[in-house]
Amino acid sequence: MRPYPFTAVVGMADLRLALVLSTISPAIGGVLVRGEKGTAKSTMVRALAGLLPGVDVVDGCRFSCDPARPDPACPDGPHPEGSPAHRRPARLVELPVGAAEDRVVGSLDLERALGDGVTDYQPGLLAGAHRGLLYVDEVNLLHDHLVDTLLDAAAMGRVTVEREGVSVSHAARFVLIGTMNPEEGELRPQLLDRFGLTVEVASSRDAAQRAEVVRRRLAYEADPDGFAERYAADEAALAAEIDAAQRLLPSVTLTDEALVRIAEVCAAFEVDGMRADIVTARTAAAHAAWCGRDTVTVDDIRVAAQLALPHRRRRNPFDAPGIDPEQLEEALRDSEPPEQGPPDGPDGPDGPDDPGGPGGPGGEPLPEDGQHGDAGGQHGDGNGQHGGAGERTVSPGAPYRARLFTVGGTGSGAHGRRSRAVTDTGRTVGVRPAGAREGGPHLIATVRAAAPHQRARGRSGAGLVVRPHDLRYALREGKEGNLVLFCVDASGSMGARSRMREVKSAVLSLLLDAYQRRDKVGLVTFRAATAEVALPPTISVDAAASRLETLPTGGRTPLAEGLLRATDVLRVEALRDPKRRPLLVVVTDGRATSGPDAVARSQAAADLLARTGVTSVVMDCETGRMRLGLARQLAARLGAEHVALGDVAADSLAREVKRRAA
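Letter by letter, the sequence shown follows residues 1 to 662 in the UniProt record's numbering.
Honestly, I wouldn't trust all of these hints.
What the hints assert, rightly or not - Computed list of lysine to aspartate or glutamate pairs in DMTMM-like fashion (alpha-carbon distance at most 20 Å, straight line):
#: 1; residue 1: K37; residue 2: E101
#: 2; residue 1: K37; residue 2: D14
#: 3; residue 1: K479; residue 2: D568
#: 4; residue 1: K579; residue 2: D647
#: 5; residue 1: K37; residue 2: E200
#: 6; residue 1: K37; residue 2: D148
#: 7; residue 1: K479; residue 2: D577
#: 8; residue 1: K479; residue 2: D206
#: 9; residue 1: K37; residue 2: D542
#: 10; residue 1: K579; residue 2: E502
#: 11; residue 1: K37; residue 2: E212
#: 12; residue 1: K579; residue 2: D568
#: 13; residue 1: K37; residue 2: D206
#: 14; residue 1: K579; residue 2: E212
Bear in mind the hints are in silico, worked out from the structure with no lab data behind them.
When you get a sec, could you build the whole thing from the sequences and use the hints?
Right, here's the structure in full:
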């Protein structure tokens, strides 16, 4: 089935331009495409390969060496001058989310290395992508160490494999393209910065355009070859334009004035480091070549900044990427004293609309349990928002560094940074027998297991005799990510004396900690007479922060319903993701006031939850001089750690340690 034509995709102008510029200048660093599902992200990326010029490769070279400039360190080399060569189409290599590290970087045959002294290196996906495209769908779901490997290879242009004292290195220059749905979680900031450009895509709201998308898709599925032929001329013309721009790029001049403008723009947006300046300069030069110019202009810088800077100015993981078009235009104007009037600047198209900005109400005291706030119909003073009857929404305060809560024991879950676990990276703590191919081969243990065979009669050859059952694999201990399920009391009593603002700040701080530790998070809330799953378990921590922001409070306290709903969520998630161990954080003052026998039912629910053995933390939100200690009693029934609301901050724990040591 022929791929969907690149030129047949409706709309997506920004994505189209970013992909084209990255193919014109691979040094830009690739493209990260962010957008909701069903927006043709993968379709456009897969169609891009058909527009790239073919590449000349040395015959028989598994690493696609260029016959004009072969890699002197190529494992299949050396390739002498005049080696036979052939031309093949540029490749698009797709990296699956679940790929093992050996599949990505390649692997060594340990048996042959020890037994025959031969370095038998099997190339990985990065070798296959050399001089082509490497596409990672759902790049935000890859393990951190794997993404590090990818981006380091993209930046350095080489892959080096070090295993058991044997080193293999080969060229790996490719255009890295990643797609992701932000609802499923974000990339870490340091990894996000390694992508040259970023584009936000969304489906059109124009009915005529949506109808045209469906019309073309149905036509393609009915007759792929015939549909592709209809766009063959457009595809050939675009491919020729890309080829012409690639040839023009080396002669594009980037003047000192243009470099100063780029530096001023990057400084105005307060981006970290110098990578933004370099990528913007390269993108501006590629755009000039794409437009057929041999000199970079302000228009080129404007386009480059809109693609290279949005993802580099995030200061908080929950911030959405984007740049202010007015601020960009201000940075692009010539510098002149303000009293001389507005400076004369180059005319150009406005940047993309990006209305709106951060803001929102703060917190204020809320009514006690059972009371109805705003009874007189008065509006808040900006610190709180009223919902329905008896409801109010309070925004959290600024997050802070939270203390670390972990799950006891040693797990074997997803890579992360919270609890101890057996992983394929980390320090070696033991060995596994043959057949347990996790963690990489362990050289010393393998040699020790093979030692008895070396005295066998009739043995010949100088190599070490290694049989399959002699192989031993490293047992490594690292860190895992957990499921952090928040069970938050949103009843009226939690709103008293600005308590909910402090609660949301604490939960937001723990969410930020979960983001940094690669956790999965979920949110259960209970108020009035019921409990609900405000956010099913997800790795999108920013989605949890958004739900927390709009969480209303009011009504009585159905503690039993909240604990039972949390138990159900944990049970279902254990079936879906059995290796990811849970950590339950119950945020409450311990009161139970909703329904008949509220206290007895809450105690029974706590006993049921305790029998599951889940690691729990009770965040005690009770304040004031007169305290009932109900949250502490709940923690005792759950077998949970009891933590006062004020002790969630890491510096609070440090102060307590210093006080007791004094």
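Each hint tested on the structure:
1. A hinted pair counts as satisfied when its Cα atoms are at most 20 Å apart, and K37 with E101 does not qualify at roughly 27 Å.
2. Distance restraint check for K37 and D14: the Cα-Cα separation of roughly 17 Å lies within the 20 Å cut-off, and the hinted pair is therefore satisfied.
3. For the hint linking K479 to D568, the alpha-carbon distance of about 27 Å lies beyond 20 Å, and the restraint is violated.
4. Restraint check for K579 and D647: not satisfied, since their Cα atoms lie roughly 30 Å apart, outside the 20 Å limit.
5. Distance check on the hinted pair: K37 and E200 sit about 12 Å apart at the alpha-carbon level, within 20 Å; holds.
6. The suggested pairing of K37 with D148 is violated, with an alpha-carbon distance near 25 Å, which exceeds 20 Å.
7. As the CA atoms of K479 and D577 are separated by approximately 17 Å, the hinted pair is consistent with the 20 Å bound.
8. Between K479 and D206, the direct Cα distance comes to roughly 47 Å. Violation of the 20 Å bound is thereby established for this hinted pair.
9. Among the hinted pairs, K37 with D542 is consistent with the structure: their alpha-carbon atoms are about 17 Å apart, no more than 20 Å.
10. Straight-line distance between C-alpha atoms of K579 and E502 comes to about 33 Å, which puts the hinted pair past the 20 Å bound.
11. A C-alpha spacing of about 18 Å is found between K37 and E212, which places the hinted pair at or below 20 Å, so the restraint holds.
12. Distance restraint check for K579 and D568: the Cα-Cα separation of roughly 17 Å lies within the 20 Å cut-off, and the hinted pair is therefore satisfied.
13. Distance check on the hinted pair: K37 and D206 sit about 18 Å apart at the alpha-carbon level, within 20 Å; holds.
14. Taking the CA atoms of K579 and E212, the gap is near 45 Å; set against the 20 Å cutoff, the hint is violated.
Hint compliance for this structure: hints 1, 3, 4, 6, 8, 10 and 14 are broken, all remaining hints hold.
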